[in-house]
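Q: Starting from the structure of chain A, add chain B with the ligand where the hints point.
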Amino acid sequence: MNNIIVYLEIEDGIVGDVSLELLTKGRQLANQQKCKLEAVAAGYQLDTIGTQVFHYGVDTLYLADDKRLYPYTTLPHTSLLVNLFKEEKPQIALMGATSIGRDLGPRVSSALFSGLTADCTSLEIGSYEDKKAGKVYSDLLYQIRPAFGGNIVATIVNPDCRPQMATVREGVMKKELCDPAYKGKTKKLNLSDYVPDEDFVIEVIERHIEKSKLNLKNSHIIITGGYGVGSADNFKLLYDLANVLGGEVGASRAAVDAGFAEHERQIGQTGVTVRPKLYIACGVSGQIQHIAGMQESAMIISINSDPHAPINAIADYVITGTVEDVIPKMIKYYKKNSK
Amino acid sequence: MSFNIVVLAKQVPDTRNVGKDAMKADGTVNRSALAAIYNPEDLNALEQALRLKSKIGDATVQVLTMGPARAAEIIRESMYRGADGGFLLSGREFAGSDTLATSYALAAAIRKMGKVDLILSGRQAIDGDTAQVGPQVAEKLGFPQITYAEEIIDLDKDSITVRRRLERGVEIVRGPLPILVTVNGSAAPCRPRHAKLTLKYKNAKTISEQQTSSSDYTDTYHTYIIPEWGAGDIEHEPQWLGLSGSPTKVKQIENVVFTAKESKQLTAVDADIEELMKELIANHTIG
Ligand SMILES: Cc1cc2nc3c(=O)[nH]c(=O)nc-3n(C[C@H](O)[C@H](O)[C@H](O)COP(=O)(O)OP(=O)(O)OC[C@H]3O[C@@H](n4cnc5c(N)ncnc54)[C@H](O)[C@@H]3O)c2cc1C
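Note that the protein sequences, when read in sequence, are chains A and B.
Residue numbers for the first sequence follow the working numbering, so the first one is 1 and each next one is one higher.
Residue numbers for the second sequence follow the working numbering, so the first one is 340 and each next one is one higher.
So that you can see chain A by itself, here it is in the shape it has in the complex (with noise of 0.2 Å):
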């Protein structure tokens, strides 16, 4: 009872990375709190979901296998997660803030009048006072997330209500296993306890989902492009650079809507959180929305011909400069220094 819940989000059999990296928050937010880690999966031919999660410390894992139960629609999952939630009384439950997530987690925070928080960037354990009630509330979830236009940072608190849910996007957490031996239970659910026929309403009748061919999480060096990077063209540059580096080319969101680059590639709040050994921002001006996506790079080295650029602030290395007569002879001295 009142354990750690984390709703799984899996495509074509495999668990998303977006579930796996809440599960590694999980297990730390369940031992702090001295309870359990569980996750639900809910899909079609899960046999595999157990192997793939227990050694990141899952407790105890609910599978609800049946046909109809994959693609993803709103209510079936829905009415498992509200049902079970009911039974189990979970103190806090965890989402990806993904499609799925995002469409999942309000539905079910409403039918369990319970506060949800979308998009947090931290989640952590804390107390809270409330004055007016004179009451002190200790162990409750902090979530904690950026709020108007990442301006500033909210940490909200849900009280009363539990469970106490919270959506967070892929990448803003670290994935790690947690034991390889890690030996947690399967409990299999019998659907129809749980989701009444009824709510097999939306029939998908096409779905075509793209596996990321980008891994810009998991890369070492990031040469990420602003706007002054200047054109799509220009960014021929900073691929060359990550050739050479053997990284990975970002972008700022002014970049992504100059259509320099994919939007795939952009990074910070409304993009991906990356935390490489190196950063190379070219002509990024880093505005806070930018720098909350990259901000824990072990280094960070900026190009920017404004000498004032916000983002030389965090940088280690100020090159001030033009990104194209700084480039090529980054890599002309990369060359010439190398092997």
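Hint data in this document are derived by calculation from the structure and do not stem from the laboratory.
For clarity, every value in this text was computed on a predicted model and none was experimentally measured.
We put the CB at the ideal spot given by N, CA and C, even for glycine.
Just so you know, not all the hints are guaranteed correct.
[Said to hold, decoys possible] Which residues of chain B face chain A? A few of them, derived with a C-beta cut under 7 Å, are:
id, residue
1, V512
2, G514
3, V589
4, N594
5, V596
6, F597
A: Same frame as chain A, but now just chain B with the ligand:
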């Protein structure tokens, strides 16, 4: 019988343009410096509604907005573009609402609007980016939902077919009516204001706007009155409105501060760049 569409729309501060003058010296946001605009994705939703209306013919498009008195602007703006009318839900009972209390109030107002076949809303509002209100309203009304819609591709008397734009793909789904659909920013942009409609409805006002209006002559016979509902006009239980109906509480708000680093300053001259590359190779950052 006519096909009734309700569009949920919100007036929001324009958080996309939080410029220097919108930040106060202490780093907090000066909300009053931000323009109040029609939430962008709600305009995409309105466009889908107007398209259906012209396709079906016998259809009505009503806009429902919850907010302060000045949010009546959302109804007017919708009418300039072709909506038939709308309702403003306003009052201090709604203050402090989180997404759940908001959806409770909106759902109650929709019930009062009578037979509704389709509810459309933007996927999310730019002041909160939560994407929660649409699905929560659907849940409260017991409607199914389709989120992330990019285009309504078909509608017949008992079902709707929608193309959804997901993070990594597209999906075409069909669902029964009545239903709630949330519309993505990638959907068709909203048509501009129609000159004749703008002229016709520029004096459309709520009663409270009329009372405070400076002109002492208001031609109530020829202007559209925007209905304004308070908590007393919708069927509700007080504990589900406003603060008490909001399970989430804001514990704390902080400004975003990044710890500045001691940075090495370089220029684009060859010697500087070569030195840097050597350093990065030597400390195994690259290579
Ligand atoms: C809700 C919300 C969410 C957002 N989410 C994100 C997000 O996830 N990611 C994101 O990146 N942004 C996001 N933004 C947008 C963000 O606020 C900025 O607008 C954006 O990051 C700016 O991109 P930029 O630095 O490339 O462009 P600009 O701010 O235009 O900066 C361009 C920089 O290039 C420099 N420059 C110009 N020419 C050259 C040259 N030849 N060589 C070198 N330097 C040059 C300039 O000095 C300047 O510093 C978000 C905004 C909002 C409101």
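Q: Run every hint past the structure and note whether it holds.
A: Quick rundown of the hints versus the structure:
For V512(B), the interface hint holds, the least distance from its beta-carbon to any beta-carbon of chain A being 5 Å, beneath 7 Å. Interface restraint check: G514(B) against chain A, minimum CB-CB distance 5 Å, threshold 7 Å, status holds. With a cut of 7 Å, the hint placing V589(B) at the interface with chain A holds, because the nearest CB-to-CB distance is about 6 Å. With a least beta-carbon distance of about 6 Å to chain A, the hint placing N594(B) at the interface is held under the 7 Å criterion.
The closest approach between the C-beta of V596(B) and any C-beta of chain A is roughly 10 Å, which is over the 7 Å cut-off, so the hint fails. A distance limit of 7 Å between C-beta atoms decides the matter here; for F597(B) the minimum to chain A is near 5 Å, and the interface restraint holds.
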